[in-house]
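Following the hints, put chains P, L, F, D, B, Y and Z in place on chain G, whose structure we already have.
Listed below are the residues making up each chain.
8 protein chains.
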Amino acid sequence: METREVLERYKKGQISLDEAESFFRKAPYEELGDYAKLDTHREIRSGFPEVIFCSGKPDEYLKNIYRKMYDTYGEVFGTRASKEQYEIIAEIIPVIEYDPVAGILKYERTDKERKGLIAVCSAGTADIPVAEEAAKTAEYFGSKVERVYDVGVSGIHRLLSRTDVIQRANCVIAVAGMEGALASVIGGLVDKPVIAVPTSVGYGASMHGLSALLTMINSCANGIAVVNIDNGYGAGYIATQINRMGVKNQEGR
Amino acid sequence: METREVLERYKKGQISLDEAESFFRKAPYEELGDYAKLDTHREIRSGFPEVIFCSGKPDEYLKNIYRKMYDTYGEVFGTRASKEQYEIIAEIIPVIEYDPVAGILKYERTDKERKGLIAVCSAGTADIPVAEEAAKTAEYFGSKVERVYDVGVSGIHRLLSRTDVIQRANCVIAVAGMEGALASVIGGLVDKPVIAVPTSVGYGASMHGLSALLTMINSCANGIAVVNIDNGYGAGYIATQINRMGVKNQEGR
Amino acid sequence: METREVLERYKKGQISLDEAESFFRKAPYEELGDYAKLDTHREIRSGFPEVIFCSGKPDEYLKNIYRKMYDTYGEVFGTRASKEQYEIIAEIIPVIEYDPVAGILKYERTDKERKGLIAVCSAGTADIPVAEEAAKTAEYFGSKVERVYDVGVSGIHRLLSRTDVIQRANCVIAVAGMEGALASVIGGLVDKPVIAVPTSVGYGASMHGLSALLTMINSCANGIAVVNIDNGYGAGYIATQINRMGVKNQEGR
Amino acid sequence: METREVLERYKKGQISLDEAESFFRKAPYEELGDYAKLDTHREIRSGFPEVIFCSGKPDEYLKNIYRKMYDTYGEVFGTRASKEQYEIIAEIIPVIEYDPVAGILKYERTDKERKGLIAVCSAGTADIPVAEEAAKTAEYFGSKVERVYDVGVSGIHRLLSRTDVIQRANCVIAVAGMEGALASVIGGLVDKPVIAVPTSVGYGASMHGLSALLTMINSCANGIAVVNIDNGYGAGYIATQINRMGVKNQEGR
Amino acid sequence: METREVLERYKKGQISLDEAESFFRKAPYEELGDYAKLDTHREIRSGFPEVIFCSGKPDEYLKNIYRKMYDTYGEVFGTRASKEQYEIIAEIIPVIEYDPVAGILKYERTDKERKGLIAVCSAGTADIPVAEEAAKTAEYFGSKVERVYDVGVSGIHRLLSRTDVIQRANCVIAVAGMEGALASVIGGLVDKPVIAVPTSVGYGASMHGLSALLTMINSCANGIAVVNIDNGYGAGYIATQINRMGVKNQEGR
Amino acid sequence: METREVLERYKKGQISLDEAESFFRKAPYEELGDYAKLDTHREIRSGFPEVIFCSGKPDEYLKNIYRKMYDTYGEVFGTRASKEQYEIIAEIIPVIEYDPVAGILKYERTDKERKGLIAVCSAGTADIPVAEEAAKTAEYFGSKVERVYDVGVSGIHRLLSRTDVIQRANCVIAVAGMEGALASVIGGLVDKPVIAVPTSVGYGASMHGLSALLTMINSCANGIAVVNIDNGYGAGYIATQINRMGVKNQEGR
Amino acid sequence: METREVLERYKKGQISLDEAESFFRKAPYEELGDYAKLDTHREIRSGFPEVIFCSGKPDEYLKNIYRKMYDTYGEVFGTRASKEQYEIIAEIIPVIEYDPVAGILKYERTDKERKGLIAVCSAGTADIPVAEEAAKTAEYFGSKVERVYDVGVSGIHRLLSRTDVIQRANCVIAVAGMEGALASVIGGLVDKPVIAVPTSVGYGASMHGLSALLTMINSCANGIAVVNIDNGYGAGYIATQINRMGVKNQEGR
Amino acid sequence: METREVLERYKKGQISLDEAESFFRKAPYEELGDYAKLDTHREIRSGFPEVIFCSGKPDEYLKNIYRKMYDTYGEVFGTRASKEQYEIIAEIIPVIEYDPVAGILKYERTDKERKGLIAVCSAGTADIPVAEEAAKTAEYFGSKVERVYDVGVSGIHRLLSRTDVIQRANCVIAVAGMEGALASVIGGLVDKPVIAVPTSVGYGASMHGLSALLTMINSCANGIAVVNIDNGYGAGYIATQINRMGVKNQEGR
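In order, the protein sequence lines correspond to chains G, P, L, F, D, B, Y and Z.
When we follow this note's numbering, the leftmost residue of the first sequence carries the number 1, and every step to the right adds one.
When we follow this note's numbering, the leftmost residue of the second sequence carries the number 1001, and every step to the right adds one.
When we follow this note's numbering, the leftmost residue of the third sequence carries the number 2001, and every step to the right adds one.
When we follow this note's numbering, the leftmost residue of the fourth sequence carries the number 3001, and every step to the right adds one.
When we follow this note's numbering, the leftmost residue of the fifth sequence carries the number 4001, and every step to the right adds one.
When we follow this note's numbering, the leftmost residue of the sixth sequence carries the number 5001, and every step to the right adds one.
When we follow this note's numbering, the leftmost residue of the seventh sequence carries the number 6001, and every step to the right adds one.
When we follow this note's numbering, the leftmost residue of the eighth sequence carries the number 7001, and every step to the right adds one.
Bound conformation, chain G alone (with noise of 0.2 Å):
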């Protein structure tokens, strides 16, 4: 209803003064809270519900925020949890499951259907933990993934042997720590977004990640962009909000 239809109604008598009033009422930043009430369900329409950071919470939070998170979605997700988080939330939610090397402690729904495709790309055994909370934050939110594991740069030939499965993708989420080379060589290997993620994996020199989100940064591949040091949750995000354009678009051929 836009503001003459308001104006017209009302004067018709068809609303009264006090709807009238309430609608336009609305203070401008009051009016954005309302947009942010909407845009939350929104957002749950849209796969995007709220993710839980439970790193540093304190528990009797996390209980709460856990709990009505699973009574009002019917699944929540949380990352960077501990073992000591997951048996608090374990005496609540029992349904709830643990990933000790994600560190991702959720409950999801087994009737969501996975669309498109993400390649999940890490550079070493070590870089797991920060791939799988990419991949597992990407399925969460809707997205198939497809996890392309232990192809660092320095043995290139394991990274070509399924360039195949990386093409085929619409994002690529390049996970490595120490050189972080990896994202570049895939930025030349593929036509689609490359989101690189640097991890704190290395001793010395890599200054805990510092130096591998230089090099991504630094990247010549075009196609790259590059998120904060170990956040695979962010890389999973906006891959998501990427495949999502182009599931629409195989969708709609």
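It should be emphasised that the hints constitute simulated quantities derived from the structure, not laboratory data.
The structure displayed is predicted, hence computed values, not measured ones.
Taking lysine-lysine and the DSSO-like style, the derived pairs with C-alpha atoms no more than 27 Å apart in a straight line are:
#1 L/Lys2248 to F/Lys3115
#2 Z/Lys7248 to D/Lys4112
#3 B/Lys5011 to P/Lys1011
#4 L/Lys2115 to F/Lys3115
#5 Y/Lys6011 to D/Lys4011
#6 G/Lys248 to P/Lys1144
#7 Z/Lys7012 to L/Lys2012
#8 D/Lys4248 to Z/Lys7248
#9 F/Lys3248 to L/Lys2248
#10 F/Lys3248 to L/Lys2144
#11 F/Lys3083 to P/Lys1083
#12 Y/Lys6248 to B/Lys5112
#13 Z/Lys7115 to D/Lys4248
#14 P/Lys1083 to F/Lys3063
#15 P/Lys1083 to F/Lys3057
#16 P/Lys1012 to B/Lys5012
#17 B/Lys5248 to Y/Lys6115
#18 P/Lys1083 to Y/Lys6083
#19 B/Lys5248 to Y/Lys6112
#20 G/Lys57 to L/Lys2083
#21 Y/Lys6248 to B/Lys5248
#22 Z/Lys7248 to D/Lys4115
#23 P/Lys1115 to G/Lys115
Relative to the frame of chain G, chains P, L, F, D, B, Y and Z by itself:
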């Protein structure tokens, strides 16, 4: 001609031993070399022809590559070009056009249709050169672009008043120097991927764009990924990759 | 008593040689030493009694200083206190109160009037410990504080819906980790000074708060100045200095 | 005119449908856009007209903005102006004045009263350009300024001999490069806020002001907050905000 | 026994061919090896016996070296010792003394005269461990030390009131963390060398002492040189070298 | 079996069409996959079997890989192993040996001949763990190693007295933390390649080895190249590559 | 003449006391001084004559050293030479040759045989100046060099198609700026040492080559060591040291 | 004249009220002001007259200060002077002398005796400008200086052959860029204080001298302290302070 066919034709004597050998002798990498050539064709087809990074190129080399690109594709596009380089190229390609703000030196066919929508947002007027590099790159690659400039977060209403445009886009490019906070605010307003471009605009502790880069990498908003400082071209490229998915999707409907 | 008066009184015998000597003997720096004592008095009068930085203080020292402060002023205020330190002090000052979130260990007189208004804004829930250190410090120093928490820029409407409170304050404290963009947005919304506090909240390229610090220092908004990472106390202190000017002004009207 | 009043007057026919629509049609953000315009007015009233950052602005743009500001406000103020820019502007605004040390290019009305007191302290003679940018900015915004220059901490008596001036001010600006220790010493001498400005003065490990910035951010004195390296303008702005509170207070008495 | 003497005594048969050969056979570097041994003697004579850096040394190794030093010199001095290491050494050298603040684990002869004067100044109470490492090192090497603690620049009068002591010293050690400005102020008060010791005291942007190090290196005062963060031992060593020159001078007069 | 041979044998019917096809069908990357396997064989032949980076590996994974390596090669070599990991592996491979200083967990055949010469020099005793990682790695790969420890540049004669050993080596590994100057001095003494290994030994401004790394990278001596901080393994590997060339050369003579 | 021989000849009167004394009187360091002279001879013999770092050398000094080198050795080699320096030297050595890309200013004898094989690989065309400095340095020192340019990892097939050349070399030099990933990929393809040279090519977060340096230092491939940014000369030098071992080996067979 | 004496003489009428008042009226800081003047005298007496840092000084200012210094002291000494500044000063002080290598612009009385001994060592020829700034500063302040140049650690024998000179000095200044290892080696050869001066000589990872600074700060040799990058003046100053102690000592004997 496939492997089996070659083998059968060879046994039948339709091709000689030498011919068969030459077919299989291709070392894997030589076959990759072939692949590269095919890939070039694919790039032309898919609308990502090569682009010239002009800065620092010797004059002779620049002239050769501009002429070759222009002759081959009927159009040519270069970034980071100086006024001197413009004058040099203008002698051999009189139709060439130069945008001194963006540093773009190009001739673009006028019959290209621009599809989808990318919103290019910039924080301050000093960020416009990078924003224009992004915008013109995306346009050259066939994307429709809406410019939303001078919407820095220190006057947040300027950005908010353009929310509708930003939300319609398939992808948003957020260009900002100094504190680089623009990307986070946009990330909270849209549900499409945001490609953040830090710029070297600023002084003092901006450290030539490093501060803005860190800000953007640390963004707590979802759906943001970052390219190198001042890398408008890179942002225009990946945004076009994303936009094309949205375009196909919209066409498919 | 001024120099000339002392000299005249001394000559008249109204004060002895020893008395005159003791007046003048004060070496310049010893007079400064006296000044320091007077200053302490002035500080008490002006409402800035000493505050204890508890972290790392040996137990005995901490007990002595708490007891001395409590005995002298009737109240005592410490920051960065651990639960163990709370238990130690509680043995000697049973009325002591401990806030485990802010790490504040204090006993505050209940008859203090809080004046003016400082708005303490924080970006995320993880920033609340620093925000509370700032808020409680300002309150201890006599400022009225309004808390505006969880208004990070990635959901800008949350902040905008509280604009009225923020604009009423004599000074705004903006507490944020990760990308630290909150200060710039607030700086554009108010015409009062904004004291920005970067926090060490974040991971990866947040570099323990350095990224947020750089963001805030580079802010393109007017009226922003920055204190050290996690320095809630420092922000509460300078904000109170500013708030008092506003208070006097408002009282003067 | 509030929402309810508009609705009632509209129903009574006192305002037309178009008039009512124009009142409500303002989308939240468009209303913010209006707000921005009003804000501009408020800024003029409150004495914070826009200021021009000259460095890097194209000549044509600079001329347009100077002429517009001059025509609108009867005065105009720009920072980081070069001698060349002065000559360009002098052609169109002959009364313009240029301070080559501070890089200030301005025409200021002579009938403005300067109120309160800001002390601008600088460590070395090489810091004077930044100190003057701060001082002249504060003066342009209506603050009375006392300059206390060449009082670096390596000759502490120079600073101590001016303590009286510094202690009278509502706000102190401390400008220092190299080791940047000035702010801490001043912070210990006054009970008013100190705005610290690191400068890029120095060489070697001063790292273009980063060392001074770190020194100031780490100050163990109370009541200190920091702005960007060389940001005299920013310091003059926030100091004026603080000074005005003191002025009102003093006027109120 | 000099070259010529050896040759002559050899020709006269006073020493055998083998003896002469063994004198000259020393390869240049083996002679250096001898030199090193002689140097050890010289060091003992000159009062710089070896000192043990305890941190990280395996227990067995620590016991062996303590016993050897104690047996050889009748005294022994170690820095960065833990309480556990104290207990281990106390078993074999019951007279050993441990200072838990400075981390010094030593037995020092009581008949040593301490000469000259080194002033060890520290900014805050948290800097005292490093200051004590410097002071005790200098004392062990025979310097008389005056401690001037808690004289940080944010309360400059505390330092100024001790100017006389500081000016009497042959060398001043300035120990400070956080902003590290103490060295510059002292440098302006004395005409003797100042050895600056940054400490890792601080938080946030202090970056474990790097900020203080940069402050001190950039000092604009004359006569200041800097040692590594927390390197009290190094400061005590070089200050003793300087002090000894002053001592000899004073003795010579 | 080479291309031509396969073709000829196929034509002669010695291998079937399917067999020939399977030979050639290998996609380039699958052939690379095969190559990788062949390469593994070659590595075993050439003495560079895989080595296990133990740190952070889950227990089950570690056990599997140790057992597999041990069963396959009859020997096994792991770096960065903890005492706990030793105990776990000792249960399944009782002959395993653990060096707690170097963190090496290995079983090495006793019949291996060690050839050529690598000199492993280290600056301080605290650098020995990294030096031993390098030395034992080189020995495992078949190099003869001479250890030249505790030859830091602050007592240059210690190094000079060992010049002969260093000059005999085919490659020198220089291991140093703190100021890392050892590599430059050695580089000036020998005419063979020097592999420099910065270590994380130090404190304060050593920044966990970054200072030593920078020192070594900036070395003005010829013939020096650098590996990552604490990367003894990497140095042992490349030094062995170099040593083998020298060995063959010496054998060839 | 050895120690014993001198002693015996002296006793027999074959040499005088003065002669014997002069033999032994050489202080260790003076003997080192002699050694240095001998070393110079050895360097000439071994093919590592001195090379001139031209950048920043005053004209007169440059002329003297070029003339002296040319007169002494009959050839001369300088790096980082400008066109102006070329013109200055061409006046005194007309046969001098200048390569403006590599900045090499040399006269090289034409009768030198180049042995072994070093592969110099570079990522982008902008890296060629550094690659050429490495290649020409290695050639001047007598190595045969194969150039493999423009094989950056973002088009990995370009590198793979040249694998045969790279694998034949005794040592590979990998030159790359921007993300610097080339070294890791090459390291995985060859079993010979790889000398990695980061270049300052790039912009933004490349930080003048620091990013590429970090990438290379963190390489997870075996057999890689790194030299300073843009240090083509250093890479050519150490690669030649390694190549010579391979050459001798191949000659020995 | 002490406090008590003044009081007594005043009472006795030996000094007037005004005279007594003027003695005591000095406010602490005004007295400090007086102290400063006296200090200036003392500085002249003690041989540390003010020195001019020419770089960046406006021409008029430079001329005034040179003339004033020259008129007052009969000599004048400036550092970091350009050739242009030399020509400007030469017009007003024709006897002025300019050293273009060190950037020293001075007129020095010829009747000054230079005492004691400072050894100024530099690593490479490119470090000589900084070394000369140190040497000439020390000479201007009355120290005898021995230059030991081009003794970088990559050819350690060059340094060792000059050990005798270095060991005779009261203080050694070690000037080095690139890897900056010179200070550590010298520190191990002498028992006198070593003042280390990192220089900005180098390229790539030298980071304008920061690498050399870190090397020197991390030195594991005893008796080393560091001044700012390229701060030859500062080294010459503190070395003279130390040398004077040695001089007095030697004179006293």
